[in-house]
Amino acid sequence: MEEEEGAIAVVGIGCSFPGGEGLDNFWKVLLEGKNCALPIPNERFNSTYWYDADNSKPGKSHTSKAALIDGFNELDLRFFGITDAEADYMDPQQKLLLHCTYRALENAGMPMEKASGTRTGVYLGLMNRDYDLTTAQYNPGLTNHWTGTGKAMSIAANRISYTFNLTGPSVAIDSACSSSLVALHFACQAIKQGDCEMALCGGVSCIIEPQVFVALSKAKMISPEGTSKPFSSRADGYGRGEGCGIILLKPLKQALKDCDHVWGIISKTAVNQDGHTVTPITKPSMVQQEDLLRRIYSETDLSSVQYIEAHGTGTPVGDPIEAGSISKVIAKARPPGSETLRIGSVKGNIGHTESAAGVAGLIKFRCHSTVDSGLSSLDGCLGEGTDHLHDSCLRCAQVPPQVSLNHARVEGVCRHTSA
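full-length UniProt numbering puts the sequence shown at residues 1 to 419.
Each statement offered as a hint is correct.
Heads up, simulated BS3-like pairs for lysine-lysine below, C-alpha to C-alpha not over 30 Å straight-line: (1) K283 to K220; (2) K268 to K253; (3) K283 to K218; (4) K268 to K114; (5) K268 to K257; (6) K57 to K220; (7) K283 to K57.
Derived Cβ-Cβ restraints for the label pairs, each shown as a range: (8) Q273 to K218: 23 to 33 Å; (9) K257 to P336: 40 to 50 Å; (10) S338 to L77: 49 to 59 Å.
Rather than coming from a laboratory, the hints here were simulated on the basis of the structure.
By construction, the Cβ of each residue, glycine as well, lies at the ideal position given by its N, Cα and C atoms.
Whole structure, please, built from the sequences with the hints as guidance.
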């Protein structure tokens, strides 16, 4: 494997997404082209009460479906040294993070004892506070000394550092849908600057509260069908999903020295913000997305880029802007005779997992040698200038020479990774 100056290696992966826990189940969902959206069960909330097909009805959501995971609130408490009393007041997101962190270390061949005491950083993306909202609304009298640590977003990262005895920086990041990839950006920077020798990074999102559905329905951001249809003329908003993904990073040079299995290499990352270039604040800016792409690919042979795992939420506003910027900056700039640039989005399978969306896309295109575009269709909905893009399934004997990950958030933070 060719060593790249300053490159960061992905050496461990742990995940739980709709369709089952672990890499094998995740990949099975992708290969089968499965859409995991289902009616929301009562253990989350009474979706029948909150649902109404008429989106003009106050306090109602026009969808009652989401892509959910099984056992979202389960954890081997004894294994992690957590009492039943404390666990009763822990946000399920914290439990998922602990589980997936252990799986990432296990996947990297690193026992907890070996990780203990290392200068490993923790960088996590979180945005939803469903558990906090639910307990405050329905059980305000149950607040006790466990409540603060059980709900705090900062503790979500700190608890991993505490449980696994990791002494590097420990940070929770909320940049909405780009949270887990902004976390990746800061994790890579921290490793390069020497703040930590390794880093665990990723994101998590759990759905247990109905009012977010109501707000997104009124904003016309989510699909009445509860499913994302990336790059399709049928796009009518995104379908919500939940899940958790954690990756373990270390310098490529050290990974090769340690004979680690390298899932992928992070070559370059960049982040920007739309500023006041568009109105309203939730509309993505093509200008800023193009600027970000140019920064990433200014010194790159564009013919080597074969696949981009796009944000691709399935919104009729966001998808054309994203596809247009990718086409203009990358696809059209490739030398004559280059293969068609392929794009895809995992959201067609597992929904938009929001603060875990970026890491879900990263795990998708780096966990196997087959890259599947997911359930999407470039069927002429994206307007002029996107004929250089194709969303068909890319199958190859080896991982493509270069694939990239593109993400933006609803408030304007854009994030792109070249791997």
